[in-house]
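Hey, can you work out the whole structure from these sequences and the hints?
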Amino acid sequence: AQSVTQLDSQVPVFEEAPVELRCNYSSSVSVYLFWYVQYPNQGLQLLLKYLSGSTLVESINGFEAEFNKSQTSFHLRKPSVHISDTAEYFCAVSDVRSGGSNYKLTFGKGTLLTVNP
Amino acid sequence: DGGITQSPKYLFRKEGQNVTLSCEQNLNHDAMYWYRQDPGQGLRLIYYSQIVNDFQKGDIAEGYSVSREKKESFPLTVTSAQKNPTAFYLCASSMGTGGIGGQFFGPGTRLTVL
Chain A
1 AQSVTQLDSQ VPVFEEAPVE LRCNYSSSVS VYLFWYVQYP NQGLQLLLKY LSGSTLVESI
61 NGFEAEFNKS QTSFHLRKPS VHISDTAEYF CAVSDVRSGG SNYKLTFGKG TLLTVNP
Chain B
1 DGGITQSPKY LFRKEGQNVT LSCEQNLNHD AMYWYRQDPG QGLRLIYYSQ IVNDFQKGDI
61 AEGYSVSREK KESFPLTVTS AQKNPTAFYL CASSMGTGGI GGQFFGPGTR LTVL
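Chains as they are written, first to last, in the numbering used here: chain A, 1 to 117; chain B, 1 to 114.
No lab work stands behind these hints, which were simulated from the structure alone. All values reported here derive from a predicted model rather than from experimental measurement. Don't take each hint at face value.
Below are the EDC-like pairs computed for lysine to aspartate or glutamate, each with C-alpha atoms no more than 20 Å apart in a straight line [to be verified]:
no., chain 1, residue 1, chain 2, residue 2
1, B, Lys57, A, Asp95
2, A, Lys69, A, Glu16
3, A, Lys109, B, Asp59
4, A, Lys109, B, Asp38
This is the structure we're talking about:
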């Protein structure tokens with residue numbers, strides 16, 4: 001069974017400051033990793049994903065995440081945040097199953113990022 | 001525009017009543033999912049369906065039922081047996097194996113039991 005731990009439930013930062021949202025996972029098999037963002041009273045939007053290859057993945061709005069297999073982590077970072085980045089961020093994992101579907105995502109409990117002026 | 005629609009956005013029901021939440025997608029995705037979201041608890045999987053006329057229980061299926069008669073539709077019924085139904089419900093879909101492409105989410109339905 002997989003599990004995802006988001007170490008911080010809330011992260012307050014000032015505008016233009018750097019931020020890191022931490023995510024650790026556990027799995028006995030290889031995994032795919034995802035970050036989703038949720039704005040208030042909305043659904044989740046896929047921010048970025050790691051499937052294979054380069055361990056550093058980037059989104060179009062300046063976020064990046066690095067897959068670290070030895071530390072089983074997939075932390076999300078942004079060098080300079082904006083007020084509009086205020087949202088809840090969810091880390092999710094799916095196992096890589098050979099010969100079958102890997103439909104199921106396991107989510108962390110979320111980290112609320114609040115960007116203050 | 002392709003996407004997932006959920007209706008209604010807000011829903012109120014009295015205790016003891018069944019209620020059905022709608023989820024429709026025009027992405028031609030094979031798989032569809034229902035999640036429940038409670039504050040501080042992340043998302044928990046209720047039911048999922050990989051093909052038409054087939055669905056499986058997720059982690060918290062008790063008190064819920066679903067159907068998948070059409071590829072584009074996956075309604076969720078919250079029955080009176082669900083002891084604490086007040087929550088935010090999210091529908092999602094994926095093209096076949098959700099692990100590669102990720103899942104795409106609808107805007108959600110907020111259910112309140114009065």
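Name the hints, by number, that the structure is in violation of. 2
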